[in-house]
Amino acid sequence: MATLNLLQAINQALDIAMADNERVLCFGEDVGGFGGVFRATSHLQEKYGKARCFNTPLVEQGIIGFANGLAAQGSTPVAEIQFADYIFPAFDQIVNESAKFRYRSGSLFNVGGLTIRAPYGGGISGGLYHSQSPEAYFAHTPGLKVVVPRNPHQAKGLLLAAIRDPNPVLFFEPKRLYRASTGEVPESDYQLPLGEAEVVKEGRDITLLAWGAQMEVIEEAAELAEKEGISCEIIDLRSILPWDVETVATSVLKTGRLVISHEAPLTGGFAGEIAATIQERCFLYLESPISRVTGLDTPFPLTLEKEYLPDRLKVFEAIKASMAY
Amino acid sequence: MWQLMMIKRYVIAWVYGYLLINHALKRGVRLFTTTPGKSIMTTTTSSLVHSPHFLEGDEFSIDTFALLKQDGSLYEGATAPDLDRDKALRIYHAMVFTRVLDERMLAAQRQGRLSFYMQCTGEEAAVIGSTAALDDDDMIMAQYREQGALVYRGFSCDEFMNQMFGNERDYGKGRQMPIHYGSAALHYMTISSPLATQIPQATGYAYGQKLAGDGHCTITYFGEGAASEGDFHAALNMATVHKVPVIFFCRNNGYAISTPAVEQFAADGVAPRAFGYKMRVIRVDGNDMLAVYQATLEARRLAVEQNQPVLIEAMTYRLAAHSSSDDPSGYRSKKEEEAWREKDPILRLRRWLEGREWWSDDEEKDLQERLRREVLETMKVAQKCPAPPLESLITDVYDTPTTQLNEQLAKLEAHIRLYPEAYPKSASRYSTERSAQGSSTSSDDVTDQGGH
Chain A
484 MATLNLLQAI NQALDIAMAD NERVLCFGED VGGFGGVFRA TSHLQEKYGK
534 ARCFNTPLVE QGIIGFANGL AAQGSTPVAE IQFADYIFPA FDQIVNESAK
584 FRYRSGSLFN VGGLTIRAPY GGGISGGLYH SQSPEAYFAH TPGLKVVVPR
634 NPHQAKGLLL AAIRDPNPVL FFEPKRLYRA STGEVPESDY QLPLGEAEVV
684 KEGRDITLLA WGAQMEVIEE AAELAEKEGI SCEIIDLRSI LPWDVETVAT
734 SVLKTGRLVI SHEAPLTGGF AGEIAATIQE RCFLYLESPI SRVTGLDTPF
784 PLTLEKEYLP DRLKVFEAIK ASMAY
Chain B
-16 MWQLMMIKRY VIAWVYGYLL INHALKRGVR LFTTTPGKSI MTTTTSSLVH
34 SPHFLEGDEF SIDTFALLKQ DGSLYEGATA PDLDRDKALR IYHAMVFTRV
84 LDERMLAAQR QGRLSFYMQC TGEEAAVIGS TAALDDDDMI MAQYREQGAL
134 VYRGFSCDEF MNQMFGNERD YGKGRQMPIH YGSAALHYMT ISSPLATQIP
184 QATGYAYGQK LAGDGHCTIT YFGEGAASEG DFHAALNMAT VHKVPVIFFC
234 RNNGYAISTP AVEQFAADGV APRAFGYKMR VIRVDGNDML AVYQATLEAR
284 RLAVEQNQPV LIEAMTYRLA AHSSSDDPSG YRSKKEEEAW REKDPILRLR
334 RWLEGREWWS DDEEKDLQER LRREVLETMK VAQKCPAPPL ESLITDVYDT
384 PTTQLNEQLA KLEAHIRLYP EAYPKSASRY STERSAQGSS TSSDDVTDQG
434 GH
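Sequence lines, in order, name chains A and B. Our numbering numbers the first residue of the first sequence as 484 and each following residue consecutively. Our numbering numbers the first residue of the second sequence as -16 and each following residue consecutively.
Be careful, since some hints might not be right.
As the list claims (entries may be wrong) - Estimated spans, in silico, between C-beta atoms of each pair:
id	chain 1	residue 1	chain 2	residue 2	range
1	A	Thr781	B	Asp382	32 to 42 Å
2	A	Glu667	B	Leu194	34 to 44 Å
3	A	Gly532	B	Thr26	14 to 24 Å
4	B	Arg353	A	Pro676	53 to 63 Å
Said to hold, decoys possible - The list that follows gives simulated cross-link-like pairs (lysine-lysine, DSSO-like), each with its CA atoms no further than 27 Å apart:
id	chain 1	residue 1	chain 2	residue 2
5	B	Lys226	A	Lys533
6	A	Lys710	A	Lys803
7	A	Lys530	B	Lys226
8	A	Lys533	B	Lys261
It should be emphasised that the hints constitute simulated quantities derived from the structure, not laboratory data. Just so it is clear, CB atoms sit at the ideal spot from N, CA and C, and this is done for glycine as well.
Only chain A is shown next, with the shape it has when bound in the complex (with noise of 0.2 Å):
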């Protein structure tokens, strides 16, 4: 197995997927010949040429109607925008026509096939707009499905599953970790479960719960805890819609306690969600109320981006205050 890191995890599976399925096309803002702003789309252009991976003008809601367009057709387009920031002038081509093409048809039509890939979050010095997390607008919209990867190797199996997945699917992706994520990765075709989180450790005394980069966060914090004798079970929602409540609430039912952590501003985050759904699943095992540890309610910061982070030393201190209630 190679070791790659995220941006060629994502790569391969693009490339896999196009080599596949000669109806796999991928394009937006520099995607072509430049191969994206993050190089995700390296020589694909040149390896299948200009008519399956090209430059689109500068325009999301554009990118995404043809993109629906293209779905309807019996196409699979896999669709970037540039920064997940600026996916909202296609809010309404997703939220209003992605989401809803096959309900509304009564199955006559429908843009299962589409995929759209966005960079997601902060930490990289981006402030307002190049760090936005907006997966919670989106899990409101049913009919979509919403997936973030934590690592190269949960990347490109996800990828696979999205751009095959007959429902249309956003695909955050970590941009902090595009580089810095290493890790081994089958050179083979394969796919990982949408719909479906992991626990990606096994403890009892508390559940922790996220999602993409914030993995990392919550995992450090896991080692901090364990030195204090707490065992943490790690979980990663992977999907975020539709997502896993049973994992979920099975682990909750076992450890008593819930710590969910996400980039995004608290109110009206995907935790709230997540909370209200464990509380009525596992009311009478709850030693702790569920603990949300989340960006402020505030747009994106950049000098302050370090106090304004969900980090490990916050997580850290909500697992003790979980432990301790």
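Following the hints, position chain B against chain A.
Relative to the frame of chain A, chain B by itself:
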């Protein structure tokens, strides 16, 4: 540990910053490097001038293509397109069917039988003339006032009614308001209420057709109001950049609900925008079926044979209200409406057909009567047809319902069984299930309960 973390973060930030800066630099270099004789900033070379002269746009004026006069004769020098009798009558029938359907369904709405309706009245030539110029397998992505296109392709009266009454035989499973038709068999994309979203989708659909190489194109319809949406610009720009076989058909009918076209744009209609995209464009008298047909035929040839997208602006008039919820007397005069009623596109085509002795008063009378009867009869049947089953609430959200959706449905079913009188459409199905297991309850009872 802390220092390590700091360094790690610094490196990540640096790598990221480098990527952005590097990217920006490369763009900059590209901008300021010029190859002699070839510009990389525009698609043509530009001469230098030494006084600040602004263009006003009036340098261009766009004529209107017209063939048929209101009296049914051709303009001098005009030649009718090559249309045989069968095709001409197929078009005419579709126009009359559309008019009759619209009249009857608006009346039904006024009687309270239907919640909502939208008429195509006055625009039948624009919609049906253009559809008739396509191959029947070309894709249509319409806005909402293009029922005539479906009529032309053979959508049956039953199919219209089932959609409008949202019954269990509606392809859309009763999920959308009346007039949101769709047909996979007839290559007519299901209507979506948000305006202009279909326009960039048409560009994408047609790009897929181009790659498939089967010689088909997509036509997308929209009003002059919807052309103000960003999706319009996105679609046209992408279509010419990527050389896509798509026809953008603008029905400039004068009004976006109450807003007149002159408050929608300062320019000379929608057509001049094509220059900005380097797109082929034609303006056509939208009430002249022959001109619309010929223009679209030519546009299709450009699209399919040369991958040239085309913009057609059909100048027409929405003779009816925007929808059954609208009252035009608040924003336009009877006199204006009357002037356009004089330009009725159906009457114009009928006169042309009569001039060729392809149509007569008797045939007109028979057709009108047959269609009226058909509309009323199918309406009665559709109205009595049961509502879609409760499960259809959760199907088609995804390819298969999720665990959460199945749980939500089970909970809802239990609730409906608790209060059946509050949910008659669905509760009647449960009583049907029970009686099917037991004895009595005729099918008439069931449909009456489930009707509406």
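Here is how each hint holds up against the structure:
{"no.": "1", "hint": "Thr781/A x Asp382/B: 32 to 42 Å", "result": "39 Å, holds"}
{"no.": "2", "hint": "Glu667/A x Leu194/B: 34 to 44 Å", "result": "36 Å, holds"}
{"no.": "3", "hint": "Gly532/A x Thr26/B: 14 to 24 Å", "result": "22 Å, holds"}
{"no.": "4", "hint": "Arg353/B x Pro676/A: 53 to 63 Å", "result": "57 Å, holds"}
{"no.": "5", "hint": "Lys226/B x Lys533/A", "result": "13 Å, holds"}
{"no.": "6", "hint": "Lys710/A x Lys803/A", "result": "12 Å, holds"}
{"no.": "7", "hint": "Lys530/A x Lys226/B", "result": "21 Å, holds"}
{"no.": "8", "hint": "Lys533/A x Lys261/B", "result": "21 Å, holds"}
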